[in-house]
Amino acid sequence: MLRLPPFRFLVPKTSREAASMLADHGPDAMVVAGGTDLYPNMKRRQFEPKVLVSLRGIADTRGITANGGLRLGAMATLSAVAAHADVIARWPAVAKAAGLVSSPPLRNAGTIGGNLCVDTRCTYYNQTEFWRASIGYCMKKDGHICLVAPGSDKCWALSSSDTAPVMIALGAEVTLVGPKGERRIPVPQLFGRDGIAYLAKRPEEILTDIHVPDRAGWSMTYRKLRRRGSIDFPILGVAAAIQRDAGGIVTDARIVLGAVHTHPVEATDAQEFLKGKRLDAETIEMAAGIAYKPARPLDNADLSYAWRKRMARIEVGRALRELAGLPTGDLPPVVA
Amino acid sequence: MKCPVTITVNGSAHARDVEPRLLLAHFLRETLGLTGTNLGCDTSQCGSCTVLLDGAAVKSCTVLAVQADGCQVTTVEGLAKDGKLHPLQDAFWEKHGLQCGFCTPGMLMNAVDLLKRNPKPTEAEIRHGIDGNLCRCTGYQNIVASIAHAATQMAGGK
Chain A
1 MLRLPPFRFL
11 VPKTSREAAS
21 MLADHGPDAM
31 VVAGGTDLYP
41 NMKRRQFEPK
51 VLVSLRGIAD
61 TRGITANGGL
71 RLGAMATLSA
81 VAAHADVIAR
91 WPAVAKAAGL
101 VSSPPLRNAG
111 TIGGNLCVDT
121 RCTYYNQTEF
131 WRASIGYCMK
141 KDGHICLVAP
151 GSDKCWALSS
161 SDTAPVMIAL
171 GAEVTLVGPK
181 GERRIPVPQL
191 FGRDGIAYLA
201 KRPEEILTDI
211 HVPDRAGWSM
221 TYRKLRRRGS
231 IDFPILGVAA
241 AIQRDAGGIV
251 TDARIVLGAV
261 HTHPVEATDA
271 QEFLKGKRLD
281 AETIEMAAGI
291 AYKPARPLDN
301 ADLSYAWRKR
311 MARIEVGRAL
321 RELAGLPTGD
331 LPPVVA
Chain B
337 MKCPVTITVN
347 GSAHARDVEP
357 RLLLAHFLRE
367 TLGLTGTNLG
377 CDTSQCGSCT
387 VLLDGAAVKS
397 CTVLAVQADG
407 CQVTTVEGLA
417 KDGKLHPLQD
427 AFWEKHGLQC
437 GFCTPGMLMN
447 AVDLLKRNPK
457 PTEAEIRHGI
467 DGNLCRCTGY
477 QNIVASIAHA
487 ATQMAGGK
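Just so you know, the sequences run in chain order A and B. So the first sequence is numbered by my numbering: it starts at 1 and just counts up by one. So the second sequence is numbered by my numbering: it starts at 337 and just counts up by one.
Hints listed in this document are in silico derivations from the structure and should not be mistaken for laboratory results. Everything numeric in this text was worked out from a predicted model, so none of it was measured. No residue lacks a Cβ here, since even glycine has one placed at the ideal position from N, Cα and C. Be aware that one or more of the hints could be misleading.
The list that follows gives simulated cross-link-like pairs (lysine-lysine, DSSO-like), each with its CA atoms no further than 30 Å apart [stated by the list, open to error]: (1) LYS180/A to LYS201/A; (2) LYS50/A to LYS338/B; (3) LYS338/B to LYS141/A; (4) LYS431/B to LYS417/B; (5) LYS338/B to LYS13/A.
Going by beta-carbon spacing under 10 Å, a handful of chain B positions derived as facing chain A [to be verified]: (6) LEU358; (7) THR371; (8) GLY372; (9) LEU375; (10) THR398; (11) ARG463; (12) ASN469; (13) LEU470; (14) CYS473.
Start from the sequences and build out the full structure, keeping to the hints where you can.
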């Protein structure tokens, strides 16, 4: 049986108070929202915080409001986001990505803020303490080298959020609250460039709100690749958002890949390529051929990395075909 | 350091002092002796520990008892009322929705939430609805049939 290590559990009433608690306890403290990823990781001793600062006692953090833009309270559950009528109607890629995270009972407990900040993952890291001890530990926890790239001076654990690529594709921002004040940053600035320091926010800052701009007139989707369609983390995520003028010419394009690097990767060359073009089958094929190039899968997730790289091209193509109203080539569902 | 909590389980309030690391699953099984909730994988994959927390199905091996302070919890022991089985329990009996029975409490509690959100699910919706509950006997066909049967019964149909 895997037991949790002991810790103190603090329940602040405001975000500012939570940030102060995190600042006071420094590296000994961690923040917990739903806990669906954190607690299993703690059972495997991937984290051993002495203090947990819970966000569940803070008022008004679960709200979802859609006026011009969309505001998601960070503690809104993934179930609530996926089932929200305005989110489904106006930001369908957000609803789709939230609804593809894990399974229903975990989406009832897991939060949108938690998924955005979810820990990076690696075959050599997401294991029990016993397993990691037997292989000599990696630099992300208790060790000194990267076991997937032993010559590397950085950690290559994969960004595994389903919602982060979508938020970046839609130009979303987040509010971060610290002990002394708050700031609002674009989602790409939330992420660092290393599998260990994967969040670029200050450790004491709490993510309180996600702001998604009005994207009326855009087409958007999210596609997810994994072994088991029921519960697995992504081994590839593709978020795509396209704006076209009345004549069908692409005026803006956003393609963001998940689970191919330590952070979500924007396919900037493909985005530029698509602008000014019509979204036909040939253009999509060429765009997909450009978009998958920045994907750098290593042998540290499920299935073969060469296949995951090839699938990045195929899945970008399918995402764009979906937006263009062309057949995606997906197999029909086994049961209706 | 222990924390005082009051958790209402199947309608009865229970006040206890608990360690922060005590999981809701262990609170139910070991503190209250309600062993209907099973623990399978410990890592929130298998779903055998599923209970209702304020009406929503959650995996009680990733919820702390201190997080459930002030909440309403329903376990499989709370499904039958006045000696009469819940329609889902009847349906699992009727359609042979269990083999070894280990996943059954979690399947039932998850199905309660599923049918509350979607009283007339398609077969695909039922299958996706139990995405987070594993049956090691692989008895999924009859579990899906049981949930579909319960949905029909609860809608008053035959």
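Handout entry: Interface hint for CYS473/B, Cβ within 10 Å of any Cβ on chain A
Key = 17 Å, violated
Handout entry: Per-residue hint verdict: THR371/B, partner chain A, C-beta under 10 Å
Key = This hint is violated: THR371/B lies away from chain A, its Cβ roughly 15 Å from the closest one there, beyond 10 Å.
Problem - Satisfaction of hint between LYS13/A and LYS338/B, Cα-Cα up to 30 Å - result: 20 Å, holds
Exercise for the section: Classify the hint on LEU375/B as holds or violated, based on whether any CB of chain A lies nearer than 10 Å to its CB. Expected result: Holds, because the Cβ-Cβ distance from LEU375/B to chain A comes to roughly 8 Å (cut-off 10 Å).
Handout entry: Proposed interface contact between GLY372/B and chain A, which counts if any beta carbon pair is under 10 Å
Key = With a closest approach of 16 Å, the GLY372/B hint is violated.
Exercise for the section: Would you check whether LEU358/B satisfies its interface hint, that is, whether its CB is within less than 10 Å of any CB in chain A? Expected result: 8 Å, holds
Exercise for the section: Quickly compare the C-alpha distance for LYS431/B and LYS417/B to 30 Å and report which way the hint goes. Expected result: Distance ~21 Å between LYS431/B and LYS417/B Cα, so the pair holds.
Practice task
Hold the hint about THR398/B up to the distance rule: shortest CB distance to chain A must be less than 10 Å.
Solution key: 5 Å, holds
Exercise for the section: Mind checking the CB of LEU470/B against every CB in chain A and telling me if the closest is under 10 Å? Expected result: 9 Å, holds
Practice task
Would you check the hint for LYS50/A and LYS338/B, treating anything up to 30 Å between C-alpha atoms as holding?
Solution key: 14 Å, holds
Exercise for the section: Against chain A, run the beta carbon of ARG463/B and see if the smallest gap drops under 10 Å. Expected result: 7 Å, holds
Handout entry: 30 Å limit on alpha-carbon distance, applied to hinted pair LYS338/B and LYS141/A
Key = 29 Å, holds
Checked against the numbered hints listed earlier, the structure breaks hints 7, 8 and 14; every other hint is satisfied.
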